[in-house]
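Student: Given these sequences and hints, build the entire structure.
Line order of the protein sequences matches chains R and L.
Just add 286 to wherever you are in the first sequence, counting from 1, and you've got our numbering.
Just add 497 to wherever you are in the second sequence, counting from 1, and you've got our numbering.
If you're looking for bench data, these hints aren't it; they were derived computationally from the structure.
Some hints could be false.
[As the list claims (entries may be wrong)] In silico lysine to any residue, SDA-like type, Cα no more than 20 Å apart, as pairs:
1) L/K640 x R/I351
2) R/K385 x L/I643
3) L/K567 x R/K307
4) R/K307 x L/A661
5) L/K561 x L/A635
6) L/K561 x L/M549
7) R/K314 x L/L551
8) L/K576 x L/E603
9) L/K567 x R/I351
10) R/K307 x L/K576
11) L/K600 x R/V354
12) L/K566 x R/V363
13) L/K576 x R/E353
14) R/K307 x L/K566
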Amino acid sequence: MQQGDGQETEVTWEDQQNINKFGRLNNKFHELEDEIKAKKEMAENFEDAGNELMLTDEEEVRYLIGEVFSHMPKDEVETQLEGLKEENKEELRKLEEEKKAILAQMAELKKILYSKFKDSINLEEE
Amino acid sequence: MASTTSPSERRGIPAAAFVHDVQTFLTQSNYDASTALVALQDRLQQYKLAEMKLLAQRRDLQGKIPDIKKCVEIVATLKSKKGTGETMKVDFELAEGIYSRAKIPEADSVCLWLGANVMLEYPLEEAMKLLQSNLENATASLKVIIEDAQFLRDQVTVTEVTIARVYNFDVHQRRKLRNQGKKEAS
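Tutor: Right, here's the structure in full:
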């Protein structure tokens, strides 16, 4: 929010609520971005783990459960890994959807607020 | 914001009053613009401080939840091995970067660290229940904290907007006065 050049535009409670909503959405947007980044990294790690599993000759590999590495047969780990991959993919998809919805809402609010306050308001990131 | 009637306080934190008209606000509170700005800035600082505290609590909880999940995961594994007669072979960390191998025979119980230097042995079922309820509690408090933080964010925004409006009002008033002065001089 920026302090304008001193031009007066009346701010109603409704405007204020819209501004609040925009602030919240913007916050949420950044949180989502972080979560999406983390999930993408996770997906890469799963991918790497999958590739390593394919390359190894060992029948028994170590799989991290809690804080310990459990010795487990390779094919069991492969199934586990597939499950995790799918789960992660699904979560990522949900987050991306949520992000899209939030961006749309933000664009809508921007339209309303800019048309009323012109350049007395600044809704862009610094 | 869901409804038009917003709460006047949350957990002892008063909501920022919305100013409908700056002029009325100033006359009613007997402030001139600069004292009003100082008071508002003060308020803003308080909100921001409370927000920072909340965010720290939130980070704490967000770190705790994965830890509990890890515990749930390993207890679940032990539970699934129960009755199969299988021995779990694990590598575990003795100290930073030093690992040793352990065999865990079919187990009926685990010991949970309860904090305050107390560890208690639980049957697997009960341990699982306890961990699950811990996880639920942590998730529930996280939800409340997120809502609190949103409330605070709104109050910060209201206060910031009010500051900008009082400031603009003041600039406008000064300009009017100056223009009047010029007119009288000419």
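Student: Hints first: check each against the structure and report whether it holds.
Tutor: Hints, verified against the model:
| no. | hint | verdict |
| --- | --- | --- |
| 1 | L/K640 x R/I351 | violated, 27 Å |
| 2 | R/K385 x L/I643 | holds, 18 Å |
| 3 | L/K567 x R/K307 | violated, 36 Å |
| 4 | R/K307 x L/A661 | holds, 18 Å |
| 5 | L/K561 x L/A635 | holds, 8 Å |
| 6 | L/K561 x L/M549 | holds, 19 Å |
| 7 | R/K314 x L/L551 | holds, 16 Å |
| 8 | L/K576 x L/E603 | holds, 9 Å |
| 9 | L/K567 x R/I351 | holds, 7 Å |
| 10 | R/K307 x L/K576 | violated, 46 Å |
| 11 | L/K600 x R/V354 | holds, 12 Å |
| 12 | L/K566 x R/V363 | holds, 19 Å |
| 13 | L/K576 x R/E353 | holds, 16 Å |
| 14 | R/K307 x L/K566 | violated, 33 Å |
Checked against the numbered hints above, the structure breaks hints 1, 3, 10, 14 and satisfies the rest.
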